[in-house]
Amino acid sequence: DAGVIQSPRHEVTEMGQEVTLRCKPISGHDYLFWYRQTMMRGLELLIYFNNNVPIDDSGMPEDRFSAKMPNASFSTLKIQPSEPRDSAVYFCASSRRGGPYEQYFGPGTRLTVT
Amino acid sequence: AQRVTQPEKLLSVFKGAPVELKCNYSYSGSPELFWYVQYSRQRLQLLLRHISRESIKGFTADLNKGETSFHLKKPFAQEEDSAMYYCNVTDSWGKLQFGAGTQVVVTP
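Sequence order for the protein chains is E and A. For the first sequence, our numbering begins at 1 and goes up steadily by one. For the second sequence, our numbering begins at 1001 and goes up steadily by one.
No lab work stands behind these hints: they were computed from the structure.
Cut-off 30 Å, straight-line C-alpha distance, at most; resulting in silico cross-link-like pairs (BS3-like, lysine-lysine): (1) E/K68 to E/K78; (2) A/K1015 to A/K1073; (3) E/K78 to E/K24; (4) A/K1009 to A/K1022; (5) A/K1095 to E/K24; (6) E/K78 to A/K1095; (7) A/K1065 to A/K1009; (8) E/K68 to A/K1095; (9) A/K1022 to A/K1057.
Only chain A is shown next, with the shape it has when bound in the complex:
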């Protein structure tokens, strides 16, 4: 069965500390992976996608096919990174699934 797992519901870090949000998936074929973010009182929006191999707002995510993971990382967390983060997996047929989400709280 297709599954996306974000094991941490809440991640609390200090400003300037590294932050890593875990995402593991169980999918057949070659899925596409994304991270979406929802800041307070804002719409859910795309943060980054694995095919772009880009760094957005200091965040990067590496797809590890062997471990079926797509963890989101940032070396130095900022207060404005406080938000809800969702891992998203989409298969070749367009079937998609979001993880349960991880709430990140960055404290000064």
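Only chain E is shown next, with the shape it has when bound in the complex:
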């Protein structure tokens, strides 16, 4: 298994543009998580899904952010319009079950908004 796959690995875009980050969880994992990592705030949970349904999106910073999971093997995190303060590394993680179980992280997408 290749583990959690994220694309692109790096994204550079201009302020105001739409950005779409993609994630493929490990097959058989029912939970998918999106995180944002910055120097100032560390690792923040943005949203997580169970069986493709969003369970908790309280970490999504504002309406410019949206996430979908159309099927068990694919999820997207979209930022529209993007702003320089959105620059961060975005991680996707999946776990076999919810609660206190190990999460498997993807390599992350480094987003730079100029």
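Fit chain A to the given chain E structure using the hints.
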């Protein structure tokens, strides 16, 4: 409010010296606690979990419910321990939170 605190952003130690990363939490119920590690240019990965009571790569972490702490310790730091460490707390309903992280730098 649920909170996970890692008070040190950066911890610099010499090789062979003991290292301790602090983690304090404020949670209701009986949460589960984990330490995750991110080595340079690698994915974030699980280091250890408190329910396993295991030692991984020489690291141990003791859950102190009275002090609501879950500090990570290693008696003799190695250069390969240089990494970012995150404390994670998950409650019974699956709500989870990571601390802000501690960057460990082990110098020879």
